[in-house]
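K.L.:
Given next are the chains, with one letter for each unit.
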Amino acid sequence: MTALPDTAPRATGPSRVLGKLSHVPVMVLAAMVFLIVMLGVTFFAQVIQPYDFDYIDLMNRMKPPAPLEGFTWAHPLGTDTLGRDLLSRLLVGAQTSMALSLLGTVLGAVIGIALGFVAAHKGRLWDEAIMALVDFQAAMPWFIVALAVLAFMGNSMVVFLALMALFGWEGYARITRGLVIAAREQGYALAVRGLGAKPRWIYIRHVLPNIAGPLLVQLTINFPNTILFETSLSFLGLGIRPPMTSLGQMLGEGRDYLISAWWLAVVPGAVIFFTTLSMSILGDWLRAKLDPSLEG
Amino acid sequence: MRWITIKTLRAALTMWLVVTFVFFVLRATGDPAAILLPDDIDQATLEFYREKWGLTAPLWEQYVSYWKALFHGDFGISFRNNMDAFALVWERVPKTALLGGTALLIALVIGMPLGILAALYKDSWLDRVIMTTAVFGFSMPNFFLGILLILIFSLQLRMLPSSGSGTAAHLIMPALTLGTGFAAQIARYTRSSMIEVLIRPYMRTARSKGAGPMRRLAQHALPNASVPVVTILGFKVGELLGWAVVTETVFAWPGIGRLLTHSVAVRDLAVVQCIMIILALTMVFSNMIVDLIYGWLDPRVRVGAGTASK
Chain V
1 MTALPDTAPR
11 ATGPSRVLGK
21 LSHVPVMVLA
31 AMVFLIVMLG
41 VTFFAQVIQP
51 YDFDYIDLMN
61 RMKPPAPLEG
71 FTWAHPLGTD
81 TLGRDLLSRL
91 LVGAQTSMAL
101 SLLGTVLGAV
111 IGIALGFVAA
121 HKGRLWDEAI
131 MALVDFQAAM
141 PWFIVALAVL
151 AFMGNSMVVF
161 LALMALFGWE
171 GYARITRGLV
181 IAAREQGYAL
191 AVRGLGAKPR
201 WIYIRHVLPN
211 IAGPLLVQLT
221 INFPNTILFE
231 TSLSFLGLGI
241 RPPMTSLGQM
251 LGEGRDYLIS
261 AWWLAVVPGA
271 VIFFTTLSMS
281 ILGDWLRAKL
291 DPSLEG
Chain W
1 MRWITIKTLR
11 AALTMWLVVT
21 FVFFVLRATG
31 DPAAILLPDD
41 IDQATLEFYR
51 EKWGLTAPLW
61 EQYVSYWKAL
71 FHGDFGISFR
81 NNMDAFALVW
91 ERVPKTALLG
101 GTALLIALVI
111 GMPLGILAAL
121 YKDSWLDRVI
131 MTTAVFGFSM
141 PNFFLGILLI
151 LIFSLQLRML
161 PSSGSGTAAH
171 LIMPALTLGT
181 GFAAQIARYT
191 RSSMIEVLIR
201 PYMRTARSKG
211 AGPMRRLAQH
221 ALPNASVPVV
231 TILGFKVGEL
241 LGWAVVTETV
251 FAWPGIGRLL
261 THSVAVRDLA
271 VVQCIMIILA
281 LTMVFSNMIV
291 DLIYGWLDPR
301 VRVGAGTASK
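For the record, the sequence lines run as chains V and W.
Just so we're aligned: 106 in my numbering is position 106 of the first sequence, and the numbers increase by one with no gaps anywhere.
Just so we're aligned: 174 in my numbering is position 174 of the second sequence, and the numbers increase by one with no gaps anywhere.
These are computed hints drawn from the structure, not numbers from a lab.
Nothing here was measured: the structure is a model prediction, and the numbers come from that model.
C-beta atoms are modelled at their ideal positions from N, C-alpha and C, and glycine is treated no differently.
Treat the hints with caution; some may be incorrect.
Covered stretches of chain V (chain W as the covering partner; in silico rule of three or more C-beta atoms under 8 Å from a C-beta of chain W) [claimed, not checked]:
no., region
1, 128-138
2, 150-159
3, 189-197
4, 265-273
Using 35 Å as the maximum straight-line C-alpha spacing, the simulated DSBU-like pairs for lysine-lysine come out as follows [unchecked claim]:
no., chain 1, residue 1, chain 2, residue 2
5, W, K95, W, K122
6, W, K7, V, K122
7, V, K289, W, K122
Residues from chain W that face chain V, not an exhaustive set, calculated with beta carbons under 8 Å [as the list claims (entries may be wrong)]:
no., residue
8, L151
9, G242
10, V264
11, M283
Build the full structure now, drawing on both the sequences and the hints.
P.N.:
Structure (structure tokens):
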């Protein structure tokens, strides 16, 4: 393919990306960097980790993290009561939390968007039924429902993931339904329908890209909540449990050693905090970008 | 009044869904009598309760008698200490109500004024400081804030007790932990709601009538700005209760939340079932109260007969 002649001298490639990034506030940039690091950890935790996360080194128990007195470079973030390397545990714990939350968020989005489309398309009884479910889900504190379901069904990975997927779907459903109803009557949708396209094709090919912005913003709201959902349940000892580990599980475990080894709780807690914070900062910025009429 | 009828029907529908949900989940996991009664119970007693709860009857009859039992406050027996499940839960209600109420109060007392200030000085440094603090505030996981507070105020400064509920000093840290996140959210909602109200024509009218700034704020801006804030607050009650579970566990606060965590861990299902239904009732009631306040703040809602959408 031949490149079209560009009349305006515009920067291309990496320099153009850099140019765009220079307009982004520092806080948002920092948030992006942190989230990219977290994503890297999600995929490559096993490559980066200095030790196996369950490797027990009884000669080096309760070592403090780096700048504190008595630390060792063998364990830059210190060790726990069994001498397990905190950095390695942190990487694997972050991987579990991130992977579960990402999966939960995406599944929730798929369920919510699909039901939103069905409600908008089928109308009448379908619409009523789906919206009643949405109201029900919004009315009940899902965290507590999840606790009850875990009690009834017992704790298993499948149940846990299902609970995470069902957490927050109603937000996507409500937004999708509203947007689809509004978008359907707009010029482009009418035009494609006039050309004889099938409804499913119109929705996926034409309506979905047009309503992607608000859905993306909803994603940035839903993701921190999902990660808090996972970490809270694991913190209470009812989600991810040993021998597996997650950020919440580590924090829950570390809570018992606040007097002797505070870093066991504070380090994973800080990682959770910075993850939710980064996502919120990014979400606020995206929302302001996509919809300048929105305030606050 | 049609508006109240619709709201009541909605509330009834939610309750019906919750009870039905619990009914079927309980039956999907096995024999409810065996689940709801202690493990070491003898066969004769098990049969007695099967008969009493009508578990030998067809499903729809069971469903009816399940409702009947609930209306009599019969939620089964906690197998941990052979106490009536309802009595066990009911005993904890005041503690959670105290914690949740104080947290909500903290959230309103901190959040509303900060939101108003941020709106009045929109785009100034004050606004930016408040809003940045708010983002930090609501991103802070409850359990982490609680642990940090314990580390600082109990273990380092030795100023406050880290667990229990005996005195007012015991209430400070749990209530702050539970309240700050909501204060941050309320500050945000108040700010955006105030900004919208401040540019309305009636604000200009009020000024041209000669009303002073305080009067304009208190009489014209606030009542209008608080309508969406109250609505949001209603939705947040459930979230508050969810976080109360975590907060109560961190501070060993003897409320419903801690009882729930414990009961889930040991699978004391009679207690879990009872907490679920009491919670659903609380949610339904708080939503109705919010609706009533909403109607009182904004008379248009009453006329609009429940057409207000979320």
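K.L.:
All the hints need checking, so say for each whether the structure fits it.
P.N.:
Hint check:
With 4 residues having a Cβ less than 8 Å from any Cβ of chain W, the region 128-138 of chain V passes the three-residue criterion, so the hint holds. Only residues whose beta carbon comes within less than 8 Å of a beta carbon in chain W count, and the region 150-159 of chain V has 5; three or more means the coverage holds. Check on the region 189-197 of chain V: 0 of its residues sit with their Cβ under 8 Å from a Cβ of chain W, so the three-residue criterion for coverage is violated. With 6 residues having a beta carbon nearer than 8 Å to a beta carbon of chain W, the region 265-273 of chain V meets the requirement of three or more and the stated coverage holds.
With a CA separation close to 39 Å, the supplied pair W/K95 and W/K122 exceeds the 35 Å bound. Between W/K7 and V/K122 the CA atoms are separated by roughly 26 Å; this keeps the pair inside 35 Å, and the hint holds. Distance restraint check for V/K289 and W/K122: the Cα-Cα separation of roughly 18 Å lies within the 35 Å cut-off, and the hinted pair is therefore satisfied. A cut of 8 Å between beta carbons decides the hint on W/L151: the least distance to chain V is about 6 Å, and the hint holds.
The closest approach between the C-beta of W/G242 and any C-beta of chain V is roughly 4 Å, which is under the 8 Å cut-off, so the hint is satisfied. Given the 8 Å rule on beta carbons, the hint for W/V264 holds: about 4 Å separates it from the nearest Cβ of chain V. Hint on W/M283 holds. Least Cβ distance to chain V is approximately 6 Å, under the 8 Å limit.
In summary, the structure is inconsistent with hints 3 and 5 from the numbered list given earlier, while agreeing with the others.
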